[in-house]
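There are 2 protein chains.
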Amino acid sequence: MSGMEEVSNKQVLARDYINGNPKESDMYLSTEATIKLKVPEGSNAVLVKNLYLSCDPFTRGTKKPTPDMITFFAPNSPVVGFGVGRVLDSGHPEFKKGDLVWGMTKWEEYTLITKTEGLFKIHHTDVPLSYYTGILGMPGMTAYAGFYEICSPKKGEYVFISSAFGAVGQLVGQLAKLMGCYVVGSAGSKEKVETLKNKFGFDEAFNYKEEKDLDAALKRYFPQGIDIYFENVGGKMLDAVLLNMRLHGRIAVCGMISQYDLDEPEGVRNLMYLVFKRIRMQGFFVFDHYHLYPKFLETLLPYIREGKIDYVEHIAEGLENAPAALVGLFSGLHVGKSLVLVASE
Amino acid sequence: MSGMEEVSNKQVLARDYINGNPKESDMYLSTEATIKLKVPEGSNAVLVKNLYLSCDPFTRGTKKPTPDMITFFAPNSPVVGFGVGRVLDSGHPEFKKGDLVWGMTKWEEYTLITKTEGLFKIHHTDVPLSYYTGILGMPGMTAYAGFYEICSPKKGEYVFISSAFGAVGQLVGQLAKLMGCYVVGSAGSKEKVETLKNKFGFDEAFNYKEEKDLDAALKRYFPQGIDIYFENVGGKMLDAVLLNMRLHGRIAVCGMISQYDLDEPEGVRNLMYLVFKRIRMQGFFVFDHYHLYPKFLETLLPYIREGKIDYVEHIAEGLENAPAALVGLFSGLHVGKSLVLVASE
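Top line first, the protein sequences correspond to chains A and B. The opening position of the first sequence corresponds to residue 1 in UniProt numbering, with each subsequent residue numbered one higher. The opening position of the second sequence corresponds to residue 1 in UniProt numbering, with each subsequent residue numbered one higher.
Worth flagging that the hints you see were computed from the coordinates, not collected in a lab. Ideal Cβ placement from N, Cα and C applies to all residues, glycine included. Treat the hints loosely; a few may be bogus.
Stretch-level coverage of chain B by chain A, calculated; a stretch enters the list once three of its residues show a Cβ under 8 Å from a Cβ in chain A [claimed, not checked]: (1) 180-188; (2) 264-272.
Mimicking BS3-like on lysine-lysine, the simulated pairs with C-alpha atoms at most 30 Å apart in a straight line are [as the list claims (entries may be wrong)]: (3) B:Lys38 / B:Lys23; (4) A:Lys190 / A:Lys177; (5) B:Lys121 / B:Lys155; (6) B:Lys212 / A:Lys236; (7) A:Lys38 / A:Lys154; (8) A:Lys236 / B:Lys236; (9) B:Lys36 / B:Lys97; (10) A:Lys38 / A:Lys10; (11) B:Lys36 / B:Lys10; (12) A:Lys38 / A:Lys96; (13) A:Lys236 / A:Lys96; (14) A:Lys295 / B:Lys154; (15) B:Lys10 / A:Lys212; (16) B:Lys199 / A:Lys154; (17) B:Lys199 / B:Lys209.
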């Protein structure tokens, strides 16, 4: 006993590196692996039992990976992703057996986490544990850091969010509303547009696929111009936004999803507006802002407990259904943050 | 007497609006105007005798003017520009007869300045008065604000300046060297490149016209990458710089001179590096930083008095030679800040 014997470790493995969005056939379930439920002697790793795994829009391959990028899919390796787990054994002084944690893990029942820098202990369990894959985890921190730290928002400002229906965009919009901003989002379907307005309290939303002239659309929704642009899209949308920014506007660049699969990115032509309007445009990664996590919880937990922020999940059950859940995310199949329940303990 | 009678006011007038760089034939000298050397009763304008006028690279026309732009050339109106003058009469409580001032004026002997927000009193006359058209005036303030406020420089950082031979670029490079940065500039001729290195103390400089692959050139001069880019050029240069920025780099966008005369600006394709490298890219106008002028003088005056900063002027004599001086600026005819001596008092 005492974890020295090996147990079976069900896994979702990638067949190969991938390019672009994953297909179900890029992954397969394996029951061949075993694992010792004990960290190696002298190591400061943490062994977790995975409870929830997160399906995130960045869990994909890219034609031109950069040194900063994480490889989510590698040949015959478990898919990499964020998750929530229970510590079964720990060689790390900050984590002990029984702790609940969230951070980067793998798509399998048990994971030996050796990179513990981005692992957070979960102290508040009066909210659903699954929230730590989303609104209280990495996507939540991304929205929080991007909005409060990079956008420098002020009450009454005009905020535009592209790809607003994503886990990050939804939360940025709600944080902006709570601050007293005017908030408009763009999304890719009528249903998403309606949900942004009716459920998440956006002042306006539009379907970018139905707008032939993005500049005209933005002028319609922002006759006074845009103070803050939360950028998830890039390309033509960014060019149209630049034409509509107000003096001393801010653009937080979270991602540029419209550009990832192009052989060559689209050129952005209106950058002189950075000078005309004295705009600050800033790229960011959530990892640089992890030190703000306690402050983030102080802000978010009351909002969630008081029902001031709306949050929807789509939970698939069982590791075997994880590939379909991930693929469904990219086809826009589900409403709400997509995640997988691996074990209920 | 007492200025109530009108005196002759020699002027350099524009024939029409212009598009792009001015030609000598776009301007003409007129001796027809007269002016009362007194501000109108009840006005808070300031009447100045112009002593020096500045030739600046932005003194040109543009195909697509924006609301923020100043019109330097308008039909049968004096050319607009920066200058140094002596106050002959004032309705403004902050300026009195006899004061020396610098700010926006017109290309004529006497100017009634009604917009006094950007007019500065000159207190230090142990340095040449002409310096207030350049290193101690608007271009100096542009370099100072752009470098210290927008670039957030630190000792030892790697700084790249495009169009480095301009009045602003020269000073940014010298301020960066004084802070202990490694400084490389690009310019458009062999002579300019040599002067940047030998006179202004740049660590390296290169002629962008001789580089077929700007990315390769930057990798040669910045094997460790670029922390700070002082952007005057835009287009292809910006795209190459983005590929070479270091983590948490800063780009101060002062101008994009390569783009002004294009029917459509070039597209910039590498903006995803803003995210990969968490870069802050920020446009600025010197006018937003005018409140820093006293601090600026505190920094610059000692550097000038102690000879720690090098500064070269090219002074044309007489209003009648102003059009040729301005045109010469655009053809890169002269070395040094180009200005016109209108009157020695």
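Status of each hint after checking the structure:
1. 180-188: violated (count 0)
2. 264-272: Holds, because 9 residues of the region 264-272 of chain B bring their Cβ atoms closer than 8 Å to Cβ atoms of chain A.
3. B:Lys38 / B:Lys23: violated, 34 Å
4. A:Lys190 / A:Lys177: Distance of about 21 Å is within 30 Å: holds.
5. B:Lys121 / B:Lys155: Not OK: Lys121 of chain B and Lys155 of chain B at ~33 Å, beyond 30 Å, violated.
6. B:Lys212 / A:Lys236: holds, 28 Å
7. A:Lys38 / A:Lys154: violated, 50 Å
8. A:Lys236 / B:Lys236: Distance of about 19 Å is within 30 Å: holds.
9. B:Lys36 / B:Lys97: Holds, at about 15 Å.
10. A:Lys38 / A:Lys10: holds, 17 Å
11. B:Lys36 / B:Lys10: The hint holds at about 13 Å.
12. A:Lys38 / A:Lys96: With a Cα-Cα distance of about 12 Å, the restraint between Lys38 of chain A and Lys96 of chain A holds, given a limit of 30 Å.
13. A:Lys236 / A:Lys96: violated, 49 Å
14. A:Lys295 / B:Lys154: holds, 29 Å
15. B:Lys10 / A:Lys212: With a Cα-Cα distance of about 54 Å, the restraint between Lys10 of chain B and Lys212 of chain A is violated, given a limit of 30 Å.
16. B:Lys199 / A:Lys154: violated, 47 Å
17. B:Lys199 / B:Lys209: holds, 21 Å
Checked against the numbered hints listed earlier, the structure breaks hints 1, 3, 5, 7, 13, 15, 16; every other hint is satisfied.
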